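One line per chain: the protein sequences are A and B, in this order. Just so we're aligned: the first sequence equals residues -6 to 338 in the numbering used here. Just so we're aligned: the second sequence equals residues 89 to 379 in the numbering used here.
Honestly, the hints are just simulated from the structure, not real lab data. All values derive from a computational prediction rather than experimental measurement. Glycine included, every Cβ here is placed at the ideal spot set by N, Cα and C. This list has only true hints and no planted wrong ones.
Covered stretches of chain B (in silico footprint by chain A; criterion: 3 or more residues with CB under 8 Å from a CB of chain A, positions within the stretch not fixed):
no., region
1, 129 to 143
2, 213 to 225
3, 309 to 322
Far from chain B, by Cβ distances over 12 Å, these chain A residues were calculated:
no., residue
4, N57
5, V124
6, D125
7, T152
8, L332
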Amino acid sequence: MGDLRKFAVAVVVASALLVAACGGRQEQSGESGGGTQLIRVDGSSTVFPITEAVAEEFQKKHTNVRVTVGISGTGGGFQKFCRGETDVSDASRPIKPVEVEACRKQGIEFIEIPVAYDGLVVVVNPKNNWVDHLTVAELKKMWAPEAQGKVTRWNQIRTSWPNRELHLFGAGVDSGTYDYFTEAIVGKEGASRGDFTSSEDDNVLVQGVSGDELALGFFGIAYYEQNRSRLKAVPIDDGKEANGKAPVAPSVEAVKNGTYQPLSRPLFIYVSKPAADRTHVRHFVDFYLTDGAALVDEVGYVSLGDEGYRLARDHFAGRVTGTVFAQGGSQVGITIEQLLARERK
Amino acid sequence: MRRWEFLIERTLFACALISVFTTAGIIAVLLFESFEFFRVAPLGEFLFGTEWTPLFADAHFGVLPLVAGTLLVSAIAMAVALPMGLLSAIYLSEYASPWVRRLLKPVLEVLAGVPTVVYGYFALLFVTPLIQAAVPSLSGFNALSPGIVMGIMIVPLVSSLTEDAMRSVPNGLREASFALGATRMQTSLTVVVPAAFSGVTAAFILAISRAVGETMIVAIAAGQQPRLTLDPRVPIETMTAYIVQVSLGDTPAGTIEYRTIFAVGMLLFLGTFGLNMVSTWLRNRYREVYA
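Next comes chain B alone, as it looks inside the complex (with noise of 0.2 Å):
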């Protein structure tokens, strides 16, 4: 028996090696390649240049357009995600009745649940045309639409994380503040969201992250031209953007145009796995501890 129990202790930790194993093999093929990119385009030329044409006869390897194009995409998303996810995750946890959250909460992750190509289509295909109705200036490829659709998609993922910080928030606080005579909303905005401000803030950071790292969406309707711009009208290229578009072709391994996916690969890696930190660290940082 003892045996058994022994074999299924081994068998777990294997599994849980793996995931180990899998993220030191990634870092080190990002790291590897990427060493070989750099010894032929400068660090400097990679962080500070302006221009990116890589896959061209006159190639030029500056990433700020793609950064640009990210950090564009992600601004819009989260200023669609963050107000309606906090928002929602006060109904939710505040003001809605046990029986409307059991029906809502589902049906709000059933957005988290559909198919990224889906939701690029949707921007492609129905967002922009609507969008374009009222902003004719703005192009068929734009990041506009693929923001904010964005933003909807990682709604539940801050309601649900605030919403479950919210509720950890201990009732007593709540009834005190009923009791000097505050409202339901005053109780909520000025006591249990700020009780709850590490869990609400790592919830927005790992939004930013899943933003960042967003590829399906933007890759379909976002367009394929970088451009260093912030201009929400016209077409852009996202760094995930960018690495789908050379994974499509077919683009010899070993050759720079290649190695460049890996470069990219490992600024976005640094970039949400910088952001996972900070939540971390705050969330650890900020922490009320209520006994």
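Isolated chain A, as found in the complex (with noise of 0.2 Å):
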């Protein structure tokens, strides 16, 4: 009987583990009944912030509609998005050759809307005195593949910073955010050292820099605006004069004007066509593109300006499928004007 107990006990321990192990795979399928409306919306940790919010004051118009919020990393939430298990794709990249194809294969037509832009923050602890500005050339040396297990101290990337452990903090691989920083800072996408925290819930990196003197880390700016009492900015000099000499600290305005480069970027929302055709999720595109340019400056990212609001309108309601970046995946320093231009065309 002892020996059965025993034996019970370790299957408890491995079930649990399997429970958790498959806990993620399991989705709500399909529209819950009772006349509630269900808008299925998961994606990336980095628009997270502005669909929540769009979410909630759309709740309290629409008593009779549920918008539940996931994040699972921009990658994550297009394979969820092109198996039909979601409506909304939250993503902080355009979508990839590869998704759009899983996409196709599950006849999956959607719409790209482009609802926001934002400025990834390298953030480091309030403590740390000794970084003033980095620029992408050492940036690149700290996360770059051949860094892995060998650039461990912060003295490496500048001698006369102190001889400390240099700890990392970054987005997880499923994150759009992940793609984007490799391309602009290591100059391929999905390239990176493996050895440093890695969370698709920022969050969690918002905790391990703020409580982490020998921390650096990357996430959107609307993270680092909720949290700025906790850390502190690095501003970044991409090398290149057109963008200011100096290196530029992030803000709503360099991001608005162009010149923090390399680490702005359009974040946008994925509408799965056949989901557009119901009213609700059709009331809920309209009321993001109108009352969430609002909620966008709230949260703390930068908004499009009325005109890219509109054009974003038009596309959503002429149903206009497909995405305008051909090549797809991450793109490295269109500026707002520049992604307008493209909407416009």
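Dock chain to chain to rebuild the complex, using the hints, since each chain is given by itself in its own frame.
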């Protein structure tokens, strides 16, 4: 009997793990009954604060609609989106060709809608008194795949910095922020060292950097704005004179006027065409592109301006499917003006 | 009437079978997926490699950093749970008057009923800042604070199993010890604990097994950075936390990334299973039998 009990304990431990392992995979399916309409959103944790704020306001006006917003990361979100498990996908980079292909196989057409601009903020702990700015080359030295296990101390980045351990925190590989950051800094999407604390949840990264004097991390500007007192933003120098000689500190202004490069980028929502034909989803997206503009500023991102949202509404009303980013994936250095020019075509 | 009895017996038997089949199913899945994993990643690299980056472009499959993280946190947890558990068991079994025991035991067991996610945030948001006041070099994510909190969580398990073992030691032994002039402490440490040795050891090993398999606390408070270190101040990642991390994203089934969690799960299963076997063996081997 005793043996059996010990065995049972082992089984419980193992099965608990398996349940944890499988839990992430189970989806609620379809519409819920009782007259309540469900809109399922998942994807980027960078876009999450906007969608969450919009969903909250929207549900106040439409009490019979429930909007669920998940944070699986941009890549994770697209996987669910292209399986038809979600109606709207938050994305912090344009959809990739492989993802377009996956959607096409399932017969899911999508409407691409830019909703805001973000500046990726590189942050350190407030107690860090040695970092005044970073160049793109220095960031690359920290994050490149070759750095793994080798670049582990601050003085390896700049010799005047202390000989202390460097603790890196960054977006996980399912995240569009990870894709964009590696493209912009390392020069190749998806290429980075693997020995850093990675999470798809930006709150984990905020927690990590704010509690660790030796930390350096990066995430969307909204998470910095909400945690200003616990973090210190690092000005970035891209070495290009066109964007001003000096290092540029991340700010709404610098993102808006295009000088905060190469870490400024557009944020998107993707709406599946079948879902867009449902009345409450249409109302939700219209609401996103009208009343949502104010919320974009409120949560800390940069809004696209009246013309940007008008173009987006036109696209949505005309059900313009597909992506304007033919090469797909992260595109570095696109300003708001250039984005709007593409959308006007 | 007999027919009814027969039905009941069969139903109970079926219930028992379900758990056996579940176990068999779990082992089969673990074996199958691990086998697929090892067709890509060599067993030697898995067991002895020092870099664990299976999700990245430059993939390495050395599980040692995860094992080191798990052992480090478990060791800290044991450093808290074993002495505290043993001492509270000695108190409850040898010192406490019956009404104090009636009061304390349920209170202690409440600790075991707290959901582990609560312990996780307790470690992250309360214990870590508290220790940081004393040790400024402690990172926000570290092995120390979840280790301590996990230890506190395991105390009831250790104390209740140990106390059961100590209370089953016949009173004659205690009385003989007192008659020879031993104090209560001498009696507890030199007579009762050795007499209950097999039960106490079994409790300790079960506690280790619990610590190795604990998931939520480390996933929340220890960080997500596989790192081969025994420094308790820096972020690490345990085997269980890695499985959680991969499961939270959306790794497609059938990829090598997906199979890593089964390989790690298999190793974890073998570890806890082995510990439980040792616990059972010890208890039978060193049992003192009092007629």
